[in-house]
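Turn these sequences into a full structure, and let the hints guide you.
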Amino acid sequence: DAKTTQPPSMDCAEGRAANLPCNHSTISGNEYVYWYRQIHSQGPQYIIHGLKNNETNEMASLIITEDRKSSTLILPHATLRDTAVYYCIVTLRKPGNLIFGKGTKLSVKP
Amino acid sequence: EAGVTQSPTHLIKTRGQQATLRCSPISGHTSVYWYQQALGLGLQFLLWYDEGEERNRGNFPPRFSGRQFPNYSSELNVNALELEDSALYLCASSPPPLGRWNEKLFFGSGTQLSVL
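Protein chains in written order, with the working numbering: chain A, 1 to 110; chain B, 1001 to 1116.
Calculated from the structure, these hints are not laboratory results. Treat the hints with caution; some may be incorrect.
As the list claims (entries may be wrong) - Keeping only pairs whose Cα atoms sit at most 25 Å apart, straight-line, the calculated DMTMM-like set for lysine to aspartate or glutamate is:
#, chain 1, residue 1, chain 2, residue 2
1, A, LYS69, A, GLU55
2, A, LYS3, A, GLU66
3, A, LYS102, B, GLU1084
4, B, LYS1104, A, GLU31
5, A, LYS102, A, GLU55
6, B, LYS1013, A, GLU58
7, B, LYS1013, A, GLU55
8, A, LYS102, B, GLU1082
9, B, LYS1013, A, GLU66
Shown next, in the form of structure tokens:
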């Protein structure tokens, strides 16, 4: 699977949009981008995934560049409860193939 | 609908003992995954069970083993415990493929294993 690079930490003001970047320059054509988050002391939670088109759901939006070498997860109106570690994962759609890296620790501040 | 449940929430053992951790997947889910999260480290993939069979395992020694029961619940066994086995052990489940794979895993809250 392709590797991903994420900043180790980011801050965001409450109510503002949080934009979390992820680089995956060696992604192959059939690999998907998945985002999970882990709030302290809980198991990871699925957020969103995509292949090449931008995606939006009730939690977030995923913007994937045209060359697919990077993506951005957008939390449109961050709240204190969005403070968590966010994992960007690039994976083939094979079961058991979800590998978590170190992620980005997002701190939402009042 | 109940989520993935794990038991116990906390487990304290001493070096050399065996630990058994349990996981009940979401109803209708047939795959169970085990991950280890040691303090300050990312999640490390341990094991994947599907339809009662071990399908894949991560880079862990054989003293980490498990099984999946006919009702799709699962056990993780860790033999000859070592201090560095102290970690949060997370279980996740996912539904059958239904024609398309989707790595959308549902995680439990984990079992915190402490080895003294």
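Practice task
With a cut-off of 25 Å on the C-alpha distance, tell me whether B:LYS1013 and A:GLU55 pass.
Solution key: Since the Cα atoms of B:LYS1013 and A:GLU55 sit roughly 45 Å apart, the hinted pair is violated (cutoff 25 Å).
Handout entry: Holds or violated: A:LYS69 to A:GLU55, with C-alpha atoms at most 25 Å apart
Key = holds, 16 Å
Handout entry: Proposed proximity, A:GLU66 with B:LYS1013 (alpha carbon, max 25 Å)
Key = violated, 51 Å
Practice task
Mind checking the alpha carbons of B:LYS1013 and A:GLU58 for me, to see if they're no more than 25 Å apart?
Solution key: violated, 42 Å
Exercise for the section: Could you grab the alpha-carbon distance between A:LYS102 and B:GLU1082 and see if it respects the 25 Å cut-off? Expected result: holds, 24 Å
Handout entry: Restraint status (C-alpha distance of B:LYS1104 to A:GLU31 at most 25 Å)
Key = Holds, at about 14 Å.
Exercise for the section: Take the C-alpha atoms of A:LYS102 and A:GLU55, compute the straight-line distance between them, and say whether it is at most 25 Å. Expected result: holds, 23 Å
Practice task
Compare the distance between the alpha carbons of A:LYS3 and A:GLU66 with 25 Å, and conclude whether the hinted pair is satisfied.
Solution key: Between A:LYS3 and A:GLU66 the Cα gap is close to 18 Å, so the pair holds against 25 Å.
Practice task
Please work out if A:LYS102 and B:GLU1084 have their alpha carbons no farther apart than 25 Å.
Solution key: holds, 19 Å
Violated hints, in rising order: 6, 7 and 9; the structure is consistent with all others.
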